[in-house]
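Asks: Listed here are the chains, written in short residue letters.
There are 2 protein chains.
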Amino acid sequence: MDIPTPKGFLFSAIEAGIKYANRYDLALIHSKKQAQVAGVFTTNQIKAAPVKICMKRIKGGLAQSIILNSGNANACTGKRGMEDALEITEKLAAKLEIKKEHVLPLSTGVIGMPLPMEKILPALDKLVAQLGKADALLVAKAIMTTDTFPKISYRQIEWNGRVITLLGICKGAGMISPNMATMLGVILTDAKIDSFSLQELLRNAVSNSFNSITVDGDMSTNDTVLMLANGQSESEKIDKKSLLYKEFKASLNDLCLELAKMIVRDGEGATKVITINVVGAKTAGDAKRIAKAVAHSPLVKTAFYGEDPNWGRIIAAVGYAGVPIKEENIEILINGICLFEKGLPTMREDELKDSLRQKEIEVFINLNLGKSKAKIYTTDLSEEYIRINSAYRT
Amino acid sequence: MDIPTPKGFLFSAIEAGIKYANRYDLALIHSKKQAQVAGVFTTNQIKAAPVKICMKRIKGGLAQSIILNSGNANACTGKRGMEDALEITEKLAAKLEIKKEHVLPLSTGVIGMPLPMEKILPALDKLVAQLGKADALLVAKAIMTTDTFPKISYRQIEWNGRVITLLGICKGAGMISPNMATMLGVILTDAKIDSFSLQELLRNAVSNSFNSITVDGDMSTNDTVLMLANGQSESEKIDKKSLLYKEFKASLNDLCLELAKMIVRDGEGATKVITINVVGAKTAGDAKRIAKAVAHSPLVKTAFYGEDPNWGRIIAAVGYAGVPIKEENIEILINGICLFEKGLPTMREDELKDSLRQKEIEVFINLNLGKSKAKIYTTDLSEEYIRINSAYRT
Numbered sequence: 102m103d104i105p106t107p108k109g110f111l112f113s114a115i116e117a118g119i120k121y122a123n124r125y126d127l128a129l130i131h132s133k134k135q136a137q138v139a140g141v142f143t144t145n146q147i148k149a150a151p152v153k154i155c156m157k158r159i160k161g162g163l164a165q166s167i168i169l170n171s172g173n174a175n176a177c178t179g180k181r182g183m184e185d186a187l188e189i190t191e192k193l194a195a196k197l198e199i200k201k202e203h204v205l206p207l208s209t210g211v212i213g214m215p216l217p218m219e220k221i222l223p224a225l226d227k228l229v230a231q232l233g234k235a236d237a238l239l240v241a242k243a244i245m246t247t248d249t250f251p252k253i254s255y256r257q258i259e260w261n262g263r264v265i266t267l268l269g270i271c272k273g274a275g276m277i278s279p280n281m282a283t284m285l286g287v288i289l290t291d292a293k294i295d296s297f298s299l300q301e302l303l304r305n306a307v308s309n310s311f312n313s314i315t316v317d318g319d320m321s322t323n324d325t326v327l328m329l330a331n332g333q334s335e336s337e338k339i340d341k342k343s344l345l346y347k348e349f350k351a352s353l354n355d356l357c358l359e360l361a362k363m364i365v366r367d368g369e370g371a372t373k374v375i376t377i378n379v380v381g382a383k384t385a386g387d388a389k390r391i392a393k394a395v396a397h398s399p400l401v402k403t404a405f406y407g408e409d410p411n412w413g414r415i416i417a418a419v420g421y422a423g424v425p426i427k428e429e430n431i432e433i434l435i436n437g438i439c440l441f442e443k444g445l446p447t448m449r450e451d452e453l454k455d456s457l458r459q460k461e462i463e464v465f466i467n468l469n470l471g472k473s474k475a476k477i478y479t480t481d482l483s484e485e486y487i488r489i490n491s492a493y494r495t
Numbered sequence: 102m103d104i105p106t107p108k109g110f111l112f113s114a115i116e117a118g119i120k121y122a123n124r125y126d127l128a129l130i131h132s133k134k135q136a137q138v139a140g141v142f143t144t145n146q147i148k149a150a151p152v153k154i155c156m157k158r159i160k161g162g163l164a165q166s167i168i169l170n171s172g173n174a175n176a177c178t179g180k181r182g183m184e185d186a187l188e189i190t191e192k193l194a195a196k197l198e199i200k201k202e203h204v205l206p207l208s209t210g211v212i213g214m215p216l217p218m219e220k221i222l223p224a225l226d227k228l229v230a231q232l233g234k235a236d237a238l239l240v241a242k243a244i245m246t247t248d249t250f251p252k253i254s255y256r257q258i259e260w261n262g263r264v265i266t267l268l269g270i271c272k273g274a275g276m277i278s279p280n281m282a283t284m285l286g287v288i289l290t291d292a293k294i295d296s297f298s299l300q301e302l303l304r305n306a307v308s309n310s311f312n313s314i315t316v317d318g319d320m321s322t323n324d325t326v327l328m329l330a331n332g333q334s335e336s337e338k339i340d341k342k343s344l345l346y347k348e349f350k351a352s353l354n355d356l357c358l359e360l361a362k363m364i365v366r367d368g369e370g371a372t373k374v375i376t377i378n379v380v381g382a383k384t385a386g387d388a389k390r391i392a393k394a395v396a397h398s399p400l401v402k403t404a405f406y407g408e409d410p411n412w413g414r415i416i417a418a419v420g421y422a423g424v425p426i427k428e429e430n431i432e433i434l435i436n437g438i439c440l441f442e443k444g445l446p447t448m449r450e451d452e453l454k455d456s457l458r459q460k461e462i463e464v465f466i467n468l469n470l471g472k473s474k475a476k477i478y479t480t481d482l483s484e485e486y487i488r489i490n491s492a493y494r495t
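In the order they appear, the protein sequences are chains A and B.
So that you can map any letter, position 349 of the first sequence is 450 in my numbering, and since no number is skipped, the others follow by simple counting.
So that you can map any letter, position 208 of the second sequence is 309 in my numbering, and since no number is skipped, the others follow by simple counting.
Treat the hints loosely; a few may be bogus.
No copy is singled out in the list; a pair is fine if it fits within one copy or between any two copies.
Unchecked claim - Derived DSS-like pairs (lysine-lysine); straight-line CA-CA distance at most 25 Å:
{"hint": "1", "residue 1": "K454", "residue 2": "K120"}
{"hint": "2", "residue 1": "K134", "residue 2": "K476"}
{"hint": "3", "residue 1": "K472", "residue 2": "K460"}
{"hint": "4", "residue 1": "K338", "residue 2": "K427"}
{"hint": "5", "residue 1": "K153", "residue 2": "K338"}
{"hint": "6", "residue 1": "K157", "residue 2": "K133"}
{"hint": "7", "residue 1": "K180", "residue 2": "K427"}
{"hint": "8", "residue 1": "K160", "residue 2": "K120"}
{"hint": "9", "residue 1": "K157", "residue 2": "K427"}
{"hint": "10", "residue 1": "K196", "residue 2": "K362"}
Keep in mind that the hints were calculated from the coordinates and are not lab data.
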């Protein structure tokens, strides 16, 4: 895949030996010019040091560099963790000759271990020296933990003969839940847009993508999606009332959804991507709560892994989601085949045998109570998930 | 184990071939005299037909017989499911020459399949004829589904030279969540006590036992615990203000907790029983919510399966439970070893290596915010859980 880079961004990635030898684990994204910045963060009350720093720094509306590491989350590391992250960004800022407040740190990996500063600090010179020698794909590789493939994509908008590029990279495979998880995401664009609009657009895009996926229902301490817009495209400034704004919004939403689905597809041990589509709810909140209950049910997930059209486990999860329902109103379809309606099984399971072998499964639940809906993307649950997570130290 | 039976109760169990041949799957518990009755039921909004019938009938305060089957839950079976369950209890009542309202049906097994009436109805004569020829252990065996062992226990109270016996049987191994699950429980006693007190005692006992266990967080459509007190003991009537009441309450709580722990120990694929003990919460609800979040976390469960003292996953679950906390106040101990306090890791993981190989693990979480607490019993999560549930049709 030939991935176009938004203008004015440089990349670097090196092997710092943070947790393992011989793998890229420290990366730098640098904009030649100061960029407008936006961010969406974990709602977990236990927040890693880099998350706290990013949350504070993006309030200024400007950023220029993002330093990313895998192998260590710098979470639950107390005062020292905070000091370490601050020191890294400060030293890096000096080398890049930019303000330290414009450097944003992102970490992913083991919780509760101090960062190996003796490895990271001496590596900063090389990291800066290599700027421009790596591409975004290498950055995507450097932030992988249990991911089995790097996650990167882009969108381009042609507007009056000029091009705007959006580039997205992310990581995540386990600890994935609605409201994000052990996921990091960075969206870079050369669009001209103010940080206020950017924040609004990013929050909206994340809500329907990274916040609508779940692998295991666990939510991490480090989830962050950052977006930088450096205005280096020759296209016009994106005004909220313009058609270009709509175009840009659609491209961003689309890009985030594509990246989010990559995370689901790479869900630890996943053999299938399952879309839980709830309609006919009284409120969007009700719909999302039911979709989450179904998506989180280990019994539903193991049934799909076993290619068993077990709508009984689905309706049981609908029933315990904590949302008022009427059994006799509920319709449940799997891959377009209706299995339960008007309070009764349709006994059509046999028609599903072939389609359950597919890698993509759609569960459609109509509550027939209202007009609201929600969609959640999740995975099945396999022995491989257990193997990965009983051995991996987060 | 020699299990004493409360006076005046008879048992019967037969092979009716409901789902499989050559296994006991239909059972009857009968009290010679009308008994005071109490019941606690699933809070799932999707309730199986037998649950709805029991909920209605126990309001009368009296019952005499319980008919139990495995292999079919008679859930999501609409009007026909209700008619089937009513017909069974009616025919059985006629044969037993008691009121149909005094017969309570309990079903467990596959959801969404009609009961095989052509097998059950002809079997009723034999079921009644065999009354007194089976013991309670055979009834416990007849209600097993994915259980690997029958679950039965008892308590006896000696009071002024008279004996009161409490006998409990239950089933359940998966779909186990706080607020009960695919579990059925029956407590029989020969105590003299009114149904109002019985209901209060049972609700309290269930809250700290069957409602404090979780295997997979799934809650079923059929969960029921029934209690019958037929007054056939020669001991005095149990008055709410008496010492005997306290004694009886303690015995009942203890019996329910023992049975509940059997369910956890038999949790599908479980290799360990994990107690999540949350203290120092502002409210009991807060404590329970945090205990549940930790107990349900697939990452915590797989870590214990891997014998990894991964407190990072525990604190992440504490952080997303939706309860206000202070990171710097939290203490986390596993098997008595403190791993996190004052916002910092203690780095004492090595001391845990041996004790994590034990079958019983205790996680102790002190929020240091208040005086409330909660305890949840759960299991680890192994490949075997996946194997069982991707093959078994509930």
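Asks: Determine which of the earlier numbered hints do not hold for this structure and return their numbers in increasing order.
Replies: Of the numbered hints, 2, 3, 4, 5, 8 and 10 do not hold.
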